[in-house]
Amino acid sequence: MTYLPSAFIPRDGLSAFLARALASRSFIAGFIVTALIALMALVSFFWTPDDVTKLVVGDRMLAPSAAHWFGTDHFGRDVLSMIMVGSRNSIAVALVAVGIGMGLGVPLGCLAAARGGWLDDFVMRFNDVVFAFPALLSAVMITAVFGPGAVNAIIAIGIFNIPVFARVARAGALAIWPREFILAARAAGKGKTRITLEHVLPNIATLLLVQGTIQFALGILAEAGLSYVGLGAQPPMPSWGRMLFDAQTRMMVAPTQALFPGLAIMITVLGLNLLGDGVSDALDPKLRRRR
Amino acid sequence: MSLLAIENLSLSIDETPILKAVDLSIEPGEVLGLVGESGSGKSMTALAVMRLLPDAAKARGSIRFDGTDLLKADEAAMCRLRGDDIGMVFQEPMTALNPVKTIGEQVAEGIRWHAGASRAEAEQRAARMLDRVGLPSQKFPLSRYPHQLSGGQRQRVVIAIACALKPKLLIADEPTTALDVVLQAQILELLRELVAESRMGLLLISHDLAVVTEMSDRIAVMRGGEILETGETAKTLSAQVHPYTRQLALASMHVPAGRRISSSLEGKVPPKAAEGIAEGWRGAGKTTPESGFESWRTAARTASGPSGHLPFEGGEDVTPLLSVENLRKDYPGARISLFSKQKPFCAVDDVSFTLAPGRSTALVGRSGCGKSTLARLVLALERPSGGTIRLEGEEITGKSEAELLPARRAVQIVFQDPYGSFDPRHRVERLVAEPLGLLRPAPDRAARRELVAEALHQVGMKPDDMQKYPHEFSGGQRQRLSIARAIITRPKLVVADEAVSALDVSIRAQILDLFSELNRTLGVAYLFITHDLTVARAITDEVLVMHEGRIVERGQTAAVLDHPRSEAARALVAAAPDLRRAIATKMREQG
Amino acid sequence: MIAYLAQRLLVAAATLLAASLVVFAMLEVIPGDPARLMLGMNATPDALEALRNEMGLNDPLPVRYLDWVAGMAALDFGRSYTYSVPVIDLIVERIVVSLPLALISLALSVVIAIPAGAFAAQRRGRAGDALSMGAAQLGVAIPNFWFALLLIYLFAVWLRLVPAGGFPGWSAGIWPALKALLLPAVALALPQAAILARVTRSALIETLGEDYVRTARAKGLPFGTVLWRHALRNALIPVLTIVGLQFSFLLAGTIIIENVFYLPGLGRLVFQAITQRDLIVVEGVVMLLVATVVAVNFLVDISYAVVDPRLRAR
Numbered sequence: 001m002t003y004l005p006s007a008f009i010p011r012d013g014l015s016a017f018l019a020r021a022l023a024s025r026s027f028i029a030g031f032i033v034t035a036l037i038a039l040m041a042l043v044s045f046f047w048t049p050d051d052v053t054k055l056v057v058g059d060r061m062l063a064p065s066a067a068h069w070f071g072t073d074h075f076g077r078d079v080l081s082m083i084m085v086g087s088r089n090s091i092a093v094a095l096v097a098v099g100i101g102m103g104l105g106v107p108l109g110c111l112a113a114a115r116g117g118w119l120d121d122f123v124m125r126f127n128d129v130v131f132a133f134p135a136l137l138s139a140v141m142i143t144a145v146f147g148p149g150a151v152n153a154i155i156a157i158g159i160f161n162i163p164v165f166a167r168v169a170r171a172g173a174l175a176i177w178p179r180e181f182i183l184a185a186r187a188a189g190k191g192k193t194r195i196t197l198e199h200v201l202p203n204i205a206t207l208l209l210v211q212g213t214i215q216f217a218l219g220i221l222a223e224a225g226l227s228y229v230g231l232g233a234q235p236p237m238p239s240w241g242r243m244l245f246d247a248q249t250r251m252m253v254a255p256t257q258a259l260f261p262g263l264a265i266m267i268t269v270l271g272l273n274l275l276g277d278g279v280s281d282a283l284d285p286k287l288r289r290r291r
Numbered sequence: 001m002s003l004l005a006i007e008n009l010s011l012s013i014d015e016t017p018i019l020k021a022v023d024l025s026i027e028p029g030e031v032l033g034l035v036g037e038s039g040s041g042k043s044m045t046a047l048a049v050m051r052l053l054p055d056a057a058k059a060r061g062s063i064r065f066d067g068t069d070l071l072k073a074d075e076a077a078m079c080r081l082r083g084d085d086i087g088m089v090f091q092e093p094m095t096a097l098n099p100v101k102t103i104g105e106q107v108a109e110g111i112r113w114h115a116g117a118s119r120a121e122a123e124q125r126a127a128r129m130l131d132r133v134g135l136p137s138q139k140f141p142l143s144r145y146p147h148q149l150s151g152g153q154r155q156r157v158v159i160a161i162a163c164a165l166k167p168k169l170l171i172a173d174e175p176t177t178a179l180d181v182v183l184q185a186q187i188l189e190l191l192r193e194l195v196a197e198s199r200m201g202l203l204l205i206s207h208d209l210a211v212v213t214e215m216s217d218r219i220a221v222m223r224g225g226e227i228l229e230t231g232e233t234a235k236t237l238s239a240q241v242h243p244y245t246r247q248l249a250l251a252s253m254h255v256p257a258g259r260r261i262s263s264s265l266e267g268k269v270p271p272k273a274a275e276g277i278a279e280g281w282r283g284a285g286k287t288t289p290e291s292g293f294e295s296w297r298t299a300a301r302t303a304s305g306p307s308g309h310l311p312f313e314g315g316e317d318v319t320p321l322l323s324v325e326n327l328r329k330d331y332p333g334a335r336i337s338l339f340s341k342q343k344p345f346c347a348v349d350d351v352s353f354t355l356a357p358g359r360s361t362a363l364v365g366r367s368g369c370g371k372s373t374l375a376r377l378v379l380a381l382e383r384p385s386g387g388t389i390r391l392e393g394e395e396i397t398g399k400s401e402a403e404l405l406p407a408r409r410a411v412q413i414v415f416q417d418p419y420g421s422f423d424p425r426h427r428v429e430r431l432v433a434e435p436l437g438l439l440r441p442a443p444d445r446a447a448r449r450e451l452v453a454e455a456l457h458q459v460g461m462k463p464d465d466m467q468k469y470p471h472e473f474s475g476g477q478r479q480r481l482s483i484a485r486a487i488i489t490r491p492k493l494v495v496a497d498e499a500v501s502a503l504d505v506s507i508r509a510q511i512l513d514l515f516s517e518l519n520r521t522l523g524v525a526y527l528f529i530t531h532d533l534t535v536a537r538a539i540t541d542e543v544l545v546m547h548e549g550r551i552v553e554r555g556q557t558a559a560v561l562d563h564p565r566s567e568a569a570r571a572l573v574a575a576a577p578d579l580r581r582a583i584a585t586k587m588r589e590q591g
Numbered sequence: 001m002i003a004y005l006a007q008r009l010l011v012a013a014a015t016l017l018a019a020s021l022v023v024f025a026m027l028e029v030i031p032g033d034p035a036r037l038m039l040g041m042n043a044t045p046d047a048l049e050a051l052r053n054e055m056g057l058n059d060p061l062p063v064r065y066l067d068w069v070a071g072m073a074a075l076d077f078g079r080s081y082t083y084s085v086p087v088i089d090l091i092v093e094r095i096v097v098s099l100p101l102a103l104i105s106l107a108l109s110v111v112i113a114i115p116a117g118a119f120a121a122q123r124r125g126r127a128g129d130a131l132s133m134g135a136a137q138l139g140v141a142i143p144n145f146w147f148a149l150l151l152i153y154l155f156a157v158w159l160r161l162v163p164a165g166g167f168p169g170w171s172a173g174i175w176p177a178l179k180a181l182l183l184p185a186v187a188l189a190l191p192q193a194a195i196l197a198r199v200t201r202s203a204l205i206e207t208l209g210e211d212y213v214r215t216a217r218a219k220g221l222p223f224g225t226v227l228w229r230h231a232l233r234n235a236l237i238p239v240l241t242i243v244g245l246q247f248s249f250l251l252a253g254t255i256i257i258e259n260v261f262y263l264p265g266l267g268r269l270v271f272q273a274i275t276q277r278d279l280i281v282v283e284g285v286v287m288l289l290v291a292t293v294v295a296v297n298f299l300v301d302i303s304y305a306v307v308d309p310r311l312r313a314r
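Residue numbers (the UniProt record's numbering), protein chains in the order written: chain A, 1 to 291; chain B, 1 to 591; chain C, 1 to 314.
Bear in mind the hints are in silico, worked out from the structure with no lab data behind them. Keep in mind that a hint or two might mislead.
What the hints assert, rightly or not - Covered stretches of chain C, as calculated for chain A (at least 3 residues, CB under 8 Å):
hint, stretch
1, 59 to 73
2, 146 to 155
3, 289 to 302
Claimed, not checked - Chain B is nowhere near these chain C residues, computed Cβ spacing over 10 Å in every case:
hint, residue
4, Val110
5, Tyr212
6, Gly220
7, Leu221
8, Leu227
9, Val307
Positions of the beta carbon are idealized from the N, C-alpha and C atoms, including for glycine.
Could you build all of it, start to finish, from the sequences and the hints given here?
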């Protein structure tokens with residue numbers, strides 16, 4: 001989803017932008033949820049309620065209780081602990097994939113906008129080709145070639161992110177280039193690279209940030225999908241998608257097992273989307289007032 | 001009974017008062033001109049009559065139209081009135097029409113809605129109406145889309161929509177502001193005829209006192225949400241009882257003080273301020289002992305010395321500052337099919353002229369005549385398709401960016417839009433200092449700051465303003481900042497692209513003064529690109545008239561504007577609104 | 001118009017060509033010998049060599065690529081290594097499940113999303129807006145396969161209204177087959193509808209701020225009429241873009257959803273082929289899906305021209 005709001009450059013400075021962001025309920029809610037999920041992932045490195053590598057056959061598929069808040073799985077592992085540890089995997093995959101997409105896509109998009117001509121055509125055609133592969137399909141193909149695993153999932157999702165960021169960066173940069181302050185910079189003798197770094201990038205940064213949160217959220221969903229079909233992180237590494245797959249086969253017996261990993265995914269994605277909404281609200285107060 | 005009687009109308013949006021106790025009335029067949037500067041509440045008054053205000057707006061008072069109080073009417077009743085008894089014409093013809101519907105559909109829609117006419121009948125009436133506004137269906141069939149029409153033609157469609165049902169009241173909010181003067185004259189004439197034909201009342205809103213004076217029977221002057229004065233146009237403007245009315249009229253005809261003295265005296269005035277700056281600069285120079293730009297500084301000062309305002313012929317024997325020969329710029333045509341393109345569009349066609357140092361030249365012409373393209377070519381922001389541009393004898397066409405450095409230092413630009421010409425993310429210091437990268441050797445931090453402070457001082461801003469962001473300034477202040485940025489490298493030529501067009505008249509007068517003062521103190525030459533002949537007359541020595549990519553006339557400003565020889569120049573002069581002339585005409589009409 | 005469409009068609013063809021190169025190159029680097037896969041571990045070297053020659057595996061790369069592409073153009077995708085039947089037969093058998101599923105979901109998401117988005121835009125800032133957009137916010141965040149699990153639990157396990165999975169085949173009658181596709185289609189469509197509704201709403205709100213909307217209001221048309229007659233058609237342009245992009249997500253989604261519901265569709269076929277290293281099947285299905293995405297995006301390009309007269313002029 002790469003929908004570009006028409007007015008994405010705040011007319012005033014960063015502080016006013018922040019003030020508006022803090023006045024946005026979406027931003028606050030999204031920020032809190034995202035921060036809590038990140039905290040959960042960090043805490044899981046030092047402490048979890050239970051050891052996720054410990055298999056207790058006697059405690060298999062327990063319903064939620066005081067000892068196991070979210071119950072246990074078919075190996076007797078504590079579901080809450082697995083969700084905590086699984087969050088690392090989700091976040092890491094999605095974050096690195098966004099990094100790949102931004103790192104390659106943004107320079108590509110900026111270059112296309114600055115140079116125009118055949119280079120622009122080439123970048124856009126490259127985008128078309130990547131977009132022609134249904135997102136997950138490219139992941140399936142990559143994992144088919146290189147084998148399943150978290151790293152290949154990252155690459156697969158990351159590749160799909162490249163054209164998304166290239167497109168957003170290009171569209172944003174194209175909206176900046178004809179502005180008069182760019183002409184002024186050119187009259188001041190600045191070259192295209194300097195103008196891109198000094199004027200274009202700072203002005204499309206927030207736009208990229210919004211897209212970043214969207215792709216982050218989509219990355220979490222994609223990673224969950226891949227591990228659900230067995231192409232993501234491999235057991236015994238806990239992952240939210242894999243937990244849902246395991247829960248599905250036992251849904252008649254222990255329906256709550258399918259509940260918590262799904263909720264974890266949903267809340268994380270919801271938080272990120274709210275955060276992105278908050279940022280775009282703060283970017284375009286005109287749009288916000290009309291809501 | 002008045003057609004429209006606004007009494008004690010107050011309006012606030014989110015607790016901010018917008019209108020304060022506005023009283024206005026319009027009789028059937030009368031033209032009321034509502035004049036004021038931006039933010040005075042003119043448009044809000046119009047939207048209040050239409051009841052198309054933003055949701056957050058709260059209105060009090062009464063607006064009686066034909067006996068009913070519009071503020072108390074429900075939405076259904078308003079829908080019956082809008083477009084039927086009250087029509088409205090907006091400022092921006094390029095966006096006022098729905099791009100995905102034909103002009104026939106858009107004109108017929110209101111007719112079908114209000115008159116309950118059948119599709120065929122409504123289309124017939126729409127065709128008649130379009131014919132009336134000057135778009136006969138043989139040439140402009142109903143199936144045209146807005147993008148197939150020019151700005152002036154689109155405004156005619158908007159007028160056809162507004163007048164399709166012969167409303168009793170027509171509201172025109174800056175109907176010609178987005179059009180060039182020739183189109184403006186045509187559209188105003190059309191409005192005048194339509195109003196006279198069916199005895200409509202017309203509420204004409206404009207920031208342009210000359211336009212309002214020409215058109216209206218009575219005039220209302222507005223400022224800060226209040227009506228300051230209303231009365232018969234001729235009487236109000238000749239008496240100028242209210243000081244603001246007087247200020248507005250004076251600002252509209254403003255000529256900077258220095259330019260009113262005969263030009264021969266001016267060269268003798270010692271450029272005091274320039275000395276002061278030079279002092280300041282030497283102070284800064286100490287921090288950078290290696291001061292290669294002492295030389296360009298001196299060069300700039302010597303250039304500013306004797307140049308002053310040479311008489312027109314006298315300019316020929318000095319080396320021209322800028323000389324343009326057979327300049328041409330083609331843009332490739334749009335692709336019309338896979339294998340063919342439209343033939344290239346020639347924006348600048350075989351243009352030659354020279355500019356003398358220190359003189360100020362206007363480049364006037366209708367919109368789309370190629371003025372702005374010519375400016376960009378002179379600024380080396382675009383490459384010409386042919387011809388040469390020489391700056392002080394040195395050719396600049398086809399040079400690399402590094403070789404262009406001295407030329408860029410010598411030619412700077414001031415843009416029209418005081419909002420779009422600054423990167424909103426940088427502070428004033430960084431923005432104004434941007435061209436300093438052109439100096440060799442580049443000044444260090446302290447020197448830069450010194451230079452920025454000087455430039456700010458020269459344009460009448462304070463050194464404290466350095467740490468602020470552009471959004472913290474008003475439009476006029478930003479235009480000052482824009483000028484500061486342009487003069488910081490001590491250029492010999494500043495290209496001003498419609499630099500005062502977006503400003504209110506009183507601010508415009510101040511900025512014109514500033515331009516004129518900098519011309520005297522720094523000896524900088526100007527190329528003033530403008531569609532406004534009043535501005536050209538106020539500030540320039542010489543004028544170039546451009547038409548369809550060519551320079552069709554050239555000469556002393558007063559001579560050309562008083563006795564235009566070419567057809568294009570005559571059309572421009574005839575169409576340009578002129579306050580003095582308008583008042584004189586009104587005086588005769590209204591006694 | 002012709003020039004515009006010709007240009008878009010050219011882009012579509014170039015995209016398809018580039019994609020075929022990518023697919024071919026990618027699967028070419030995979031280790032493994034199809035001939036050995038088909039004949040098993042005990043095959044004699046002579047037999048292997050004979051089969052390789054017959055399958056053209058010994059030809060140089062460019063020749064093999066051209067053969068493959070030319071074959072696909074004639075709907076000949078080669079023979080499956082594991083089943084020894086033409087790949088096209090396998091695809092036809094499965095596409096009758098996947099294609100209806102994708103189309104039903106797409107239709108469902110559009111039919112839900114556009115009215116919902118318009119409804120919210122019309123009531124912006126009011127309870128109806130907040131409620132529908134809150135629901136959309138949740139819908140965007142739900143992973144579709146988890147949503148599918150919840151639907152199965154609710155409608156199949158608990159209420160027993162529909163089967164929990166499997167597909168009776170169209171031969172069992174249209175109604176039972178549709179019934180089997182109903183839950184998967186809903187699971188796929190709702191999250192997509194949520195995204196689309198949000199886009200529709202914001203595009204509409206942006207359009208409602210345009211000058212021509214004010215012109216239409218000044219004609220005396222009520223707000224609702226202006227929204228449906230003037231704003232919606234303009235707002236459709238960004239909405240169409242998203243519909244085009246979404247189709248790709250829908251196809252990807254079917255791959256997973258088919259696994260959730262045990263539907264014998266293309267997605268399942270791909271997974272089986274990957275585990276059996278039946279690469280020629282993978283190649284064929286992937287190219288088919290890519291071609292579908294390209295075709296749908298071409299349709300979107302055409303619909304731009306239908307909506308926007310400015311494009312028709314080109």
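Structure-based check of each hint:
1. Only residues whose C-beta sits within less than 8 Å of a C-beta in chain A count toward coverage, and the stretch 59 to 73 of chain C has 0 of them, not enough to reach three; the restraint is violated.
2. Beta-carbon proximity to chain A at under 8 Å applies to 5 residues in the stretch 146 to 155 of chain C; the threshold of 3 is reached and the given coverage holds.
3. Taking a C-beta to C-beta cut-off of 8 Å, the stretch 289 to 302 of chain C contributes 5 residues in contact with chain A, enough for the three needed, and the coverage statement holds.
4. Look at C/Val110: its CB is around 19 Å from the nearest CB on chain B, clear of 10 Å, so calling it non-interface holds up.
5. With a least beta-carbon separation of about 4 Å from chain B, C/Tyr212 fails to lie farther than 10 Å from that chain, contradicting its non-interface assignment.
6. The beta carbon of C/Gly220 is not kept farther than 10 Å from every beta carbon of chain B, the shortest such distance being approximately 4 Å.
7. Look at C/Leu221: its CB is around 6 Å from the nearest CB on chain B, not clear of 10 Å, so calling it non-interface is violated.
8. Interface exclusion of C/Leu227 from chain B stands, the closest Cβ pair being 12 Å apart, more than 10 Å.
9. Look at C/Val307: its CB is around 6 Å from the nearest CB on chain B, not clear of 10 Å, so calling it non-interface is violated.
Hint compliance for this structure: hints 1, 5, 6, 7, 9 are broken, all remaining hints hold.
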